[in-house]
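Chains as they are written, first to last, in our numbering: chain A, 1 to 395; chain B, 1 to 290.
Hints in this document: simulated from the structure, not taken from any laboratory. Among these hints, one or two may not hold up.
As the list claims (entries may be wrong) - Just so you have them, the derived chain A footprint on chain B, three or more residues with Cβ under 8 angstroms:
1. 116-127
2. 131-142
3. 188-198
4. 212-223
No experiment lies behind these values; they were computed from the predicted model shown. Quick reminder that beta carbons are idealized off the backbone N, C-alpha and C, glycines included.
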Amino acid sequence: MIRRTVILLMVTIFAIGGLISCAGPAPEASYKIGILVSQTGKFSGLGLQSLEGMGIIVDEVNENGGINGIPLELVVYDDKSSATEVARMAKKLIEVDKVHALVAGTVTALSHSLVSVANEAKVPLVMLSGTALFDDQLGAWCFRPMTYEKDYIDLLLDYLGSDQGIIKLAALLENSSYGEAGKVYLPKSVGDYNMTIVVTQHFDPAATDLTPQLTNIRKSDAQAIFIWGSSPAASFAVKQARIMGIAFPIVTTPSQSAPDRVKAFGEYYEMEPPLVSDDSKLAIWQQLPENDPDKAMCREFDQLVTKRYGHPATTWNGLGAQMMLFIEDGLKRAKVAPTNLEETRSKIRDAFETTKELNLFVGVYTMSPADHCGKVAAKDVLVTFKEDETVLLTR
Amino acid sequence: MDFSVVLQFLISGVNLGCIYAALGLGFFIVYGVTRVLNLAQGEFVMLGGMLTVSFYAMGISLLPSILLAMIITALAGAVLYRFIIYPARNSSGVTQALLTVGFAFAIEGIALLVWGWEYQSLPNFLDSPNIQFWGATIFGQTPWVVGSTFFMVIGLFLFFGRTIQGKALRACADERLGAKTVGISTERMALFSFILAAILGAVVGAVITPLTMTSYSIGFPLTIKGLLAAFVGGITRVEGVILGGIALGMVEAITAGLMPSGYYGVIALGILIIVFLCRPRGLLSARGKV
Chain A
1 MIRRTVILLM
11 VTIFAIGGLI
21 SCAGPAPEAS
31 YKIGILVSQT
41 GKFSGLGLQS
51 LEGMGIIVDE
61 VNENGGINGI
71 PLELVVYDDK
81 SSATEVARMA
91 KKLIEVDKVH
101 ALVAGTVTAL
111 SHSLVSVANE
121 AKVPLVMLSG
131 TALFDDQLGA
141 WCFRPMTYEK
151 DYIDLLLDYL
161 GSDQGIIKLA
171 ALLENSSYGE
181 AGKVYLPKSV
191 GDYNMTIVVT
201 QHFDPAATDL
211 TPQLTNIRKS
221 DAQAIFIWGS
231 SPAASFAVKQ
241 ARIMGIAFPI
251 VTTPSQSAPD
261 RVKAFGEYYE
271 MEPPLVSDDS
281 KLAIWQQLPE
291 NDPDKAMCRE
301 FDQLVTKRYG
311 HPATTWNGLG
321 AQMMLFIEDG
331 LKRAKVAPTN
341 LEETRSKIRD
351 AFETTKELNL
361 FVGVYTMSPA
371 DHCGKVAAKD
381 VLVTFKEDET
391 VLLTR
Chain B
1 MDFSVVLQFL
11 ISGVNLGCIY
21 AALGLGFFIV
31 YGVTRVLNLA
41 QGEFVMLGGM
51 LTVSFYAMGI
61 SLLPSILLAM
71 IITALAGAVL
81 YRFIIYPARN
91 SSGVTQALLT
101 VGFAFAIEGI
111 ALLVWGWEYQ
121 SLPNFLDSPN
131 IQFWGATIFG
141 QTPWVVGSTF
151 FMVIGLFLFF
161 GRTIQGKALR
171 ACADERLGAK
181 TVGISTERMA
191 LFSFILAAIL
201 GAVVGAVITP
211 LTMTSYSIGF
221 PLTIKGLLAA
231 FVGGITRVEG
241 VILGGIALGM
251 VEAITAGLMP
261 SGYYGVIALG
271 ILIIVFLCRP
281 RGLLSARGKV
């Protein structure tokens with residue numbers, strides 16, 4: 001009798017267990033977004049800022065009930081500023097963490113390492129990249145809601161040509177995939193402003209002594225220097241140029257107004273003529289006129305960043321936030337429950353591709369199958385430096 | 001080519017060369033005595049720079065800041081030897097070198113937690129002005145870099161040649177068993193070599209910071225450059241390390257000025273391969289050694 005009761009009990013327990021397991025896994029509780037940023041290594045300054053910006057948006061979204069009631073969850077890995085590491089960690093996010101989308105959130109060179117990974121694995125990737133050089137290679141799964149070089153090259157060249165009367169230019173280009181864009185776009189654009197490039201020099205992103213290159217520039221008949229790079233070496237170039245007595249205009253691509261750069265190099269940025277750089281409205285929003293359509297958005301974001309992190313919002317805070325806002329917009333329109341991984345990834349990708357008139361910090365974006373950058377309106381501004389501050393250049 | 005251009009390349013080459021030579025001296029001291037490749041040497045340089053910046057920012061004047069940085073970095077060197085290398089003293093050289101790599105990562109991680117990722121700088125020592133002559137520029141801190149390397153080398157020559165401690169270190173480097181036989185404590189000499197290398201690294205870190213800035217992540221790239229300088233020149237002789245450092249600095253300056261600077265790595269590696277094929281122990285191998 002007892003033996004029969006025990007056997008019956010065991011069979012019942014196993015049956016219930018079997019039924020439960022047949023019900024399948026519990027539905028995913030959140031949208032999992034895999035984040036690859038440089039938290040260590042030479043790009044950590046930018047990566048950490050980008051991550052701060054992402055965190056702010058995610059927290060805001062979750063405090064307001066998530067997206068269609070489903071919270072956002074970030075799975076963050078450090079890519080150690082290494083292209084090899086970023087690809088390795090991306091595979092982990094895709095295969096082990098089973099994220100619904102990926103973000104490559106630091107610099108151009110690292111982001112482009114993931115294009116083939118994302119396309120092969122069929123996972124939507126949102127990437128921080130400052131070059132349009134490889135837009136035709138983004139494939140079906142990669143999206144770059146960022147900048148075009150054309151947006152800021154034209155601004156800087158117009159300043160040099162119209163305001164400074166420059167006709168002979170020296171190009172100082174970083175040895176990186178970002179610098180590659182300078183090699184391609186700068187020669188194409190200078191002719192539109194009646195300029196020629198009389199000397200081209202290159203520098204390593206880790207260089208701290210650029211006197212040989214600057215000596216060659218000084219010896220040429222260049223009237224201005226266009227520095228193309230985002231590494232600290234670009235800032236060293238400005239400093240050493242001024243020490244060497246090179247007193248003609250210098251312009252740079254974005255990132256020179258990062259707070260640590262201004263703190264370390266501001267004295268040299270301000271030497272006559274002051275450095276002019278391209279930047280986002282976020283860097284100087286307080287100086288925008290009240291009727292500027294982006295001032296309120298910048299103010300609100302800056303207040304959030306200052307409250308959370310104790311420092312004003314930086315451009316890279318904005319770029320990180322921008323990628324999250326792009327994802328938020330896509331997820332809202334995708335209206336997909338994150339239960340089936342493949343289906344969720346595919347619907348998110350489709351939603352990204354149908355983004356329309358999305359107003360973000362550095363531009364307005366409308367994506368299409370043929371255009372996964374989709375910038376329809378640029379918001380770049382020119383900035384200069386005065387009394388340890390970044391200021392809007394008035395022309 | 002214009003004379004001022006050549007002069008600027010030379011100045012840049014000597015500046016970089018002295019930095020790499022000074023880095024290489026740290027490898028020379030530790031390797032000479034212990035036959036351990038200390039791949040954390042760059043972290044000693046980083047610590048020296050970051051600690052000097054921190055103390056200086058607290059209002060302590062420059063020289064005491066550098067001395068304090070040297071003391072703390074020396075402690076780091078002692079910790080590396082006593083708690084990591086010494087327990088593994090019977091392991092192979094490769095194992096011990098890898099242990100120093102682990103230590104380097106640990107130091108880098110701690111530095112990131114303590115100081116964050118931002119670059120830090122110091123003003124030129126004694127506000128040394130930049131010098132312009134014959135169309136070339138010498139940065140104000142460059143004489144300090146060259147001068148400190150020079151005095152380090154002189155100091156090492158005097159130390160190894162004229163002091164009991166230095167002669168004991170040389171004895172350990174030349175003939176370890178023989179040194180033990182005459183009563184020299186090789187473990188104590190090994191500890192001393194790590195401390196001395198750390199102190200030299202700290203000085204280098206403090207001196208180069210006004211020129212190159214410093215941050216938690218500069219250690220490893222400096223380790224590679226110092227290692228290259230030491231091996232090209234000959235890691236077992238001070239003169240070899242200096243020669244290797246200057247040679248690499250010149251190569252870097254000249255390639256940066258005459259061709260896309262990405263070629264520097266190719267050329268430096270090419271030099272290394274040629275040197276090792278022709279002179280496996282470096283350009284200046286140790287006297288009396290086969």
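Do the hints match the structure? See the list:
no. : hint    : result
1   : 116-127 : holds (count 5)
2   : 131-142 : holds (count 4)
3   : 188-198 : violated (count 0)
4   : 212-223 : holds (count 4)
The structure shown violates just one earlier hint, number 3.
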